Each structure stands twice: as structure tokens, then as C-alpha cells.
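Given chain A, put chain B in place with the hints provided.
Line order of the protein sequences matches chains A and B. Take 1 as the starting number for the first sequence in my numbering and just add one per residue. Take 412 as the starting number for the second sequence in my numbering and just add one per residue.
No lab work stands behind these hints, which were simulated from the structure alone. Source: prediction; values computed, not measured. From the three backbone atoms N, C-alpha and C, an ideal C-beta is built for every residue, glycine too. Any given hint could be a false lead.
Said to hold, decoys possible - Computed footprint of chain B on chain A, listed as stretches where at least three residues anywhere in the stretch have a Cβ under 8 Å from a Cβ of chain B:
{"#": "1", "segment": "280-292"}
{"#": "2", "segment": "345-358"}
Claimed, not checked - Label-pair distances were calculated between CB atoms; the ranges are:
{"#": "3", "chain 1": "B", "residue 1": "518", "chain 2": "A", "residue 2": "381", "range": "34 to 40 Å"}
{"#": "4", "chain 1": "B", "residue 1": "432", "chain 2": "A", "residue 2": "74", "range": "37 to 43 Å"}
{"#": "5", "chain 1": "A", "residue 1": "96", "chain 2": "B", "residue 2": "470", "range": "40 to 46 Å"}
{"#": "6", "chain 1": "B", "residue 1": "471", "chain 2": "A", "residue 2": "15", "range": "51 to 57 Å"}
{"#": "7", "chain 1": "A", "residue 1": "180", "chain 2": "B", "residue 2": "471", "range": "45 to 51 Å"}
{"#": "8", "chain 1": "B", "residue 1": "424", "chain 2": "A", "residue 2": "376", "range": "38 to 44 Å"}
Unchecked claim - Pulled a few chain A residues facing chain B out of the computed Cβ check, cut under 10 Å:
{"#": "9", "residue": "58"}
{"#": "10", "residue": "109"}
{"#": "11", "residue": "110"}
{"#": "12", "residue": "111"}
{"#": "13", "residue": "112"}
{"#": "14", "residue": "114"}
{"#": "15", "residue": "115"}
{"#": "16", "residue": "116"}
{"#": "17", "residue": "181"}
{"#": "18", "residue": "339"}
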Amino acid sequence: MTTITRPTLDFDHLSDHYRRNWVRTAAELHARPEPIAWTEHHGGYWVVGSWDAVNRIGQDWETFTSFNDVEGTGNGGRGQSIPPNAYRLDLGESDPPLHTERRRLEVPFFTPKALRRWRPVARKYAIEALNDVIESGTCDLVRDVIIPTTARTTLYVTGYGGDDWEDTVAVAHRSMLPPDHADFPMQELGRMRQSFRDHLTQRRAQPNGDLISALATGTVQERELTLDEGESMMNALVFGGFDTTTATIVSALLLLDEHPEHRERLVADERFRKNFVEEVLRLCPPPAGMARTAVRDVELLGQRIGKGESVFMWLAAANRDPRTFPDPDTFDPERANAGDHVAFSTGHHRCLGSPLAKAEVADFLDLVCRVLPELSIDRDSIVQEPAQGGENGYQHMRVTFRPGKPLDLEK
Amino acid sequence: MTKIVYTAHDGGSTTVEAQPGNSVMETATRNGVPGITGECGGVLSCATCHVFVDDEDLEKLPPVSDLEDEMLDGAAVDREPNSRLSCQIKASEDLETLRVRTPEYQE
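Next up, chain A with everything else stripped away, as it sits in the complex:
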């Protein structure tokens, strides 16, 4: 049945109001007959909070395009962000079959076998960072330990090299500001993208088996991947991985702090630890959501979505859809279907780094529980990212713990 007037909602996922109130807004949307509404912000878009419908949108790429038609010569899609990115993310903002061929160059680096190479590296970076602070009994856990671990791991996995991770982090944080913001790192970002191109050119001449080489020598649709495509894919890999993983680690530590009864089992029981991480991701997904553009008229949850209209897959709300997750606001690390969350999106664009991210979070929790006894979080010290793209991010979190001796990297 199609309704005549659109249900509306005053919703802007980029606003401070959103960040302060999104859990309540999601519950209110779910209390409606159907969790779908139209908002007038950013030129107008549909907000969809239904877990079922979000999955349908993510999987039906022929109706809901991810393409970002920057040149205005294609299907009119506006990509995965609202408002649209001026810089097209060639992997995320394309559709099959081209998307599948581009992604095919990257997926071998995120398989279960590949993870066996990356996990010890992430652990090594975590221990190196912890060893700098472990004797003092206090640190800024985000700045001193978590960001160095996740950033260096991401850079190592891409083959970009971990030496200038501090610059990369600085650019990553500020590049999520609106491009007209005074602190937007226009020049630094330009330099980094040039550096991606230089790396790609170098690897094209001398491939060494890393991910950059796979992009530099890869073919899609029977042609070489262009330098523009390679740069854009490098950009997504380098900047996509560590703020999101950092946010998930912080969310996990905060939830553990609120539920110390799980601590012992978290260390002893690997299966429980994995489900704990899934439940953290369900409740605290790093992104608020992802956008699509309808390329034809389509009916969704009783509403007529018009051709050309933007649709926001509100992933954070879908993760709290009471029809899929009973008692959705309760943290239950034993929840049987916790892993059905859509924190990594759904369909062809589901985050390909998700297995690595989950392993990093689980391993870091295990390590911290083992080596930082009496960990106490100073909640007043927590500094979140400014409202940047609806992304859940953290800059600072001070902690104290019982001082210990530096850890042996070999053990």
C-alpha cells in the first residue's frame, strides 16, 4: 500500500544533535509503523532504519546505485556520502561488474590465510606502543597506543610503509572535515595522494607482491587499472582502516568498563570474545550509515522512492531494529545473532577489511586485559572527533593502570 504523504523526520546525520541523540531518534523511528522517513537536510533524502530494508538496498545495486557521477555523464548517482564526495572513491562508489573487478585486486589480502600474516604484525605494533607507557601506569590510550597500532597495521597491510604514520593520521582526522573548513588539510592531502601515485608508479616498474603492486599491475575489464583508480583505491584503504578500528576498540573498552563481569571470560574464551566484538559493533558501529541513489522508481516499506532520490541506509539504526534484535539497546555479548549487524554495511560493498578489523579489536582487548591490570578509564578525558561525516571517532582517552615491566615481543 502506498501512502500519499511522505512521513518526515528532522534528521541530519552530520549534526551534533545527531551525535548526542541518535539512539533515541532510532528508537522513535522504529516505533513508527515502518522505519522510513524523508528528511529535508542536504537537499533531501530518505532515512531507512529497517534491518531488512537496509539489506535489500545494499544487495540490490541495480536499483540503488553506489556510483558517484562526479562528471554528470552517467546514471546521476551521488555516491555513498550525503552530501556527495567531490573526490570519487572509485571502489566504494562504483557498481558491479566494474566494482567486482576492482575489488578482486584487493580481496586476496583480506582472506583467512592473509590474516595469519597480519595479526602478529598488529600484535607487535600494540606491544611496541604499550612498552613506551607500561612502566608509567598512565597514558592517553587512544593517542599513545591504539592509534599507533591501528594506523601502522593498516599501512603495513597496504604495503605503504609504516614510517610516516603520524602524518597519515593527522591527514585522516582532518580530511573528514568539510572541504571548506579552515582546518581541512588540502595541501597535505594533495601530497599524500601524489605519494600514492608515486608508489603505484614505482610498483608498476618493480612489483613486490604487496597490495600496492596488485593495484599497480592489476587489470579490470581487460585494461590496466589507471593511476587515478589506483590512487582512489589506495586512499580508501589507507584512510578507511584505522579510525574505524580505533573507534571500535574504544567502544569495546568502554562497554567492558561498564560490564566488568565479562572480563574474565573475555580473556579465557575466544568464542565469547568474538561474539563480544560483534555485539560492540552492533551497538557502536563506526559509521552512521551509507547512501545510495535510486535509479528507478521503487516501492520500499510502503513508500514510493522516486528515481534520482537519495537513500540513507542508516546502519546504526538497522543494528537496533527490534524486529531483528530483541531488546535492541541492551548490550548482550551472548546475543545469538549479534554477528548479523550491518556495521560493515551489506551487499557488494561490505567492508572488505572487516575480518582484519575484528581480529585487531579482539586481539587488542585480550592483550589489554592481560597486561594492564586495574585499568581505569578517565571518562572526563575522552575527546571524540568533531561531528565528521557521522563517523564515530576518538582522539583521546586517558587511563591509569598498575605499572608493569616492558613486554617481550617474542612471547
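What follows is chain B alone, placed relative to chain A:
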């Protein structure tokens, strides 16, 4: 309907009637069959729905695509000649029965 017999690494087996169009992976995860993770939901991106297909059933299946072939190289347990990713095998009217063995672990 396709009758799918899943045999676990330890020998225990589960039989499920699959609806045409549903994959061997989703039939397992929706029915609580152990041994198949299906992390990515069926978009050939995770290699956690690896199965070994009974040799007699192998020739009934459509061929392995290039991407499936590449992903099988990354599966947690080493591939064998009868390895497939179960998200790529769909139940159909033509496929009466299918026997698969799940590996010891997927991740």
C-alpha cells in the same frame, strides 16, 4: 528442493531441504548448521564458506569462476580439488541431492 547433507569435520552430519535459489552457504547459516561462517554474506569476499564437495556430486555443479578460484586460495584450511565456496552453489530443481564436508575451521 535440494537435499543438502552437511558432514562436519568430526563426522556428525545434518540434512537440510534447501529452497531453489538459496545457496548452500545461506541454507547452512539460516538453519544453524555448524562449520560454515559466511562472513561476507555471499559476495565472494571472505572465503569463510569453504566446503569439500562429494566427488560424485562435483560434476553436477556449475564451474568455478576465476574470482571463486582466487578466493579458495585464501581459505583457512588448504583447498583440495573438490573445494568450493558454498555461497556460489545454489539449490535448484535439477539438483536433487548434494553432499558437502565442512573443514575443521573457517577462520
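Now for the hints, and whether the structure bears them out:
1. 280-292: violated (count 0)
2. 345-358: holds (count 7)
3. 518(B) x 381(A): 34 to 40 Å: The hint (34 to 40 Å, Cβ to Cβ) holds, given that residue 518(B) and residue 381(A) are roughly 35 Å apart.
4. 432(B) x 74(A): 37 to 43 Å: violated, 31 Å
5. 96(A) x 470(B): 40 to 46 Å: violated, 28 Å
6. 471(B) x 15(A): 51 to 57 Å: Since the Cβ atoms of residue 471(B) and residue 15(A) sit about 55 Å apart, the hinted range of 51 to 57 Å holds.
7. 180(A) x 471(B): 45 to 51 Å: Given about 59 Å between the Cβ atoms, the range is violated.
8. 424(B) x 376(A): 38 to 44 Å: This hint is violated: roughly 50 Å between Cβ atoms.
9. 58: Holds, about 9 Å.
10. 109: holds, 9 Å
11. 110: This interface hint holds because 8 Å falls under the 10 Å limit.
12. 111: holds, 2 Å
13. 112: holds, 4 Å
14. 114: holds, 6 Å
15. 115: holds, 8 Å
16. 116: Where the cut-off is 10 Å and the nearest Cβ of chain B is about 8 Å from residue 116(A), the hint holds.
17. 181: The hint is violated - residue 181(A) has no Cβ within 10 Å of chain B, the shortest such distance being about 34 Å.
18. 339: holds, 8 Å
Violated hints, in rising order: 1, 4, 5, 7, 8 and 17; the structure is consistent with all others.
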